[in-house]
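Student: Below are the chains, spelled out letter by letter.
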Amino acid sequence: MIKVSLIRAMMVAAGMLAAVVAAVTPANAEVEININKGNVEPLPIAVTDFLQGELGQKISDVVAADLKRSGLFAPINKGAFIEKISNPDATPRFEDWKVINAQALVTGRVTQEGDGRLKAEFRLWDTFGGSQMTGQQFFTQPENWRRVAHIIADAIYERITGEKGYFDTRIVYVAESGPKTARKRQLAIMDQDGFNARALTNSNDIVLTPRFSPNRQEVTYMSFENQQPRVYLLQLETGQREVVGNFPGMTFSPRFSPDGQRVIMSLQQDGNANIYTMDLRSRTTTRLTNTAAIDTAPSYSPDGSQIAFESDRGGRQQIYVMGADGSGQRRISFGDGSYSTPVWSPRGDLIAFTKQSGGKFSIGVMKTDGSGERILTTGFHNEGPTWAPNGRVLMFFRQGAGSGGPQLYSIDLSGYNEQLIQTKGFASDPAWSPLLE
Amino acid sequence: MSRIDTPAAGRMQTIARNPVMIALVMTLALAGCASKKNLPGSAGELGLGGAGSATPGSQQDFTVNVGDRIFFDTDSTSIRADAQQTLARQAQWLAKYPNYAITIEGHADERGTREYNLALGARRAASTRDYLISQGVPANRMKTISYGKEKPVAVCDDISCWSQNRRAVTVLGGAGM
Numbered sequence: 073m074i075k076v077s078l079i080r081a082m083m084v085a086a087g088m089l090a091a092v093v094a095a096v097t098p099a100n101a102e103v104e105i106n107i108n109k110g111n112v113e114p115l116p117i118a119v120t121d122f123l124q125g126e127l128g129q130k131i132s133d134v135v136a137a138d139l140k141r142s143g144l145f146a147p148i149n150k151g152a153f154i155e156k157i158s159n160p161d162a163t164p165r166f167e168d169w170k171v172i173n174a175q176a177l178v179t180g181r182v183t184q185e186g187d188g189r190l191k192a193e194f195r196l197w198d199t200f201g202g203s204q205m206t207g208q209q210f211f212t213q214p215e216n217w218r219r220v221a222h223i224i225a226d227a228i229y230e231r232i233t234g235e236k237g238y239f240d241t242r243i244v245y246v247a248e249s250g251p252k253t254a255r256k257r258q259l260a261i262m263d264q265d266g267f268n269a270r271a272l273t274n275s276n277d278i279v280l281t282p283r284f285s286p287n288r289q290e291v292t293y294m295s296f297e298n299q300q301p302r303v304y305l306l307q308l309e310t311g312q313r314e315v316v317g318n319f320p321g322m323t324f325s326p327r328f329s330p331d332g333q334r335v336i337m338s339l340q341q342d343g344n345a346n347i348y349t350m351d352l353r354s355r356t357t358t359r360l361t362n363t364a365a366i367d368t369a370p371s372y373s374p375d376g377s378q379i380a381f382e383s384d385r386g387g388r389q390q391i392y393v394m395g396a397d398g399s400g401q402r403r404i405s406f407g408d409g410s411y412s413t414p415v416w417s418p419r420g421d422l423i424a425f426t427k428q429s430g431g432k433f434s435i436g437v438m439k440t441d442g443s444g445e446r447i448l449t450t451g452f453h454n455e456g457p458t459w460a461p462n463g464r465v466l467m468f469f470r471q472g473a474g475s476g477g478p479q480l481y482s483i484d485l486s487g488y489n490e491q492l493i494q495t496k497g498f499a500s501d502p503a504w505s506p507l508l509e
Numbered sequence: 016m017s018r019i020d021t022p023a024a025g026r027m028q029t030i031a032r033n034p035v036m037i038a039l040v041m042t043l044a045l046a047g048c049a050s051k052k053n054l055p056g057s058a059g060e061l062g063l064g065g066a067g068s069a070t071p072g073s074q075q076d077f078t079v080n081v082g083d084r085i086f087f088d089t090d091s092t093s094i095r096a097d098a099q100q101t102l103a104r105q106a107q108w109l110a111k112y113p114n115y116a117i118t119i120e121g122h123a124d125e126r127g128t129r130e131y132n133l134a135l136g137a138r139r140a141a142s143t144r145d146y147l148i149s150q151g152v153p154a155n156r157m158k159t160i161s162y163g164k165e166k167p168v169a170v171c172d173d174i175s176c177w178s179q180n181r182r183a184v185t186v187l188g189g190a191g192m
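Top to bottom, those sequences are chains H and C. Under my numbering, the first residue of the first sequence is numbered 73, with each subsequent residue one higher. Under my numbering, the first residue of the second sequence is numbered 16, with each subsequent residue one higher.
Label pairs and their computed distance ranges (CB to CB):
#1 H:Phe-406 <-> C:Ile-174: 27 to 33 Å
#2 C:Val-170 <-> H:Ala-152: 46 to 52 Å
#3 H:Ile-172 <-> C:Ile-174: 53 to 59 Å
#4 H:Pro-374 <-> C:Lys-111: 57 to 63 Å
A few chain C residues that don't get close to chain H, going by computed Cβ distances all over 12 Å:
#5 Val-79
#6 Gly-82
#7 Phe-86
#8 Gln-100
#9 Arg-104
#10 Pro-113
#11 Asn-114
#12 Tyr-115
#13 Gly-151
#14 Arg-156
No lab work stands behind these hints: they were computed from the structure. In this text, all values refer to a predicted model and were calculated from it rather than measured experimentally. We put the beta carbon where it would ideally sit given N, CA and C, even for glycine.
Let's have the full structure, built from the sequences with the hints guiding it.
Tutor: Shown next, in the form of structure tokens:
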């Protein structure tokens, strides 16, 4: 798939990642956003309509919308553009773009190939540096035009921030409808910007907590099918479904191991929930915790060596960490209130969680030893964080007091740039897909 | 520029097949579940009938004259004194009508996270079952199931509703785990 451009590879090699932002970009310095600084000024960028026609304009609109929603870019109103791009391959008149303070400029073209495929190409220009930063082209079926736009937005994001993008990703979630006392739930999947939503299951049974496999081809989730609450595996391409394991009681809170070979989950027996894994090839199950408590919400570290989970073994729910074999179980959360739904960051350095304290529900992050707790958002009810694959953005669900149901929101790791994800009805339990490498 | 990136193209073709596949999933799933229907009483809407009108030994008799549900304190699985009286009546009734198997549904209020509430509901169902066992109801007549916070009966954003949703409901028949 998209490879890092040569210039970018050289830049990384030279250790030039830290640095400079928007306001004044010295001549010859590359346009760059340092997202390690937290709340940065969004970079003014001009995304011109791709040639030719309506589809080109739609693609550039999606690119601009992705960049804008990230909070790191400020697409400039097209009405302010001076130069009209008639040849996206020709060097633009940089002066015309500098005048409107466009730090970066995107030009592009969409054409139909003889075999019916769509060819989309774009160039990213550094207007103050007076140079092209990258240029790429893609082929796809015409109905995938939104996906091409997301891939282009990822390429721009990566080229300018030095970090992987997350626009060409999807969200699997629970679509909810109907009154609270008779709520209908369906697994659904959509693009990260809320478009292309489709149901994956019918609404006959309660379905909860879907999670992607690392290769994005499978989803593990919990279903009350046949009044037997169990963890399931769903193959997205074939639609094949199966119960995971042959457990004697309710299984819930599933998640994949980073290598995709195991599903980790809780098994309820009488009043106790303990954590088990099942190897998907050998079908062998392994018990990892053995307490009279509720041990649940397990989440692997990205290298697969450790597992974060929640337990009320000490009284209230708190976050614990253990080795992948169940060894060395230790509590890491010690703040006021209770902590639950730990999710290990794709970068490995942070654990996101839901915190209940003082009648409020917060989403926060802490280091993997429990230090450095930071609350990103607090309110009547926020729950269930999931990480964008680049570890920069989280999504969660929120139910406001007096609202009819939950909705999905994203927020930067910095705690800024909270955004509602538009869904047709109510939505909960989002899980962000990985990026395909 | 203009690097041609064939892997990306291939990847998109893979995705392009998905809508068809997903439509297939839907069709299969619908076909597979068409015959299912909700069990009476499982959503807890019963209990509105007049006491005198219930036929002895009927579901309505059990719901209205005995009481099909008990309530819990926040985050607690202890059987409260009022609940002990209800469960004692349930045990007597079940002894009188020994043909009924029962399912105990455990529920939590909305003021917790989803996974924990599933386990909490299961704990409440288990402690209710254990209490009924202590009152002489054979264990093999009982099944339990937890719905966590997914099936509230009272809908508002304060304790007047939450306290009604923290419950264990004894359902005649039903299908537990």
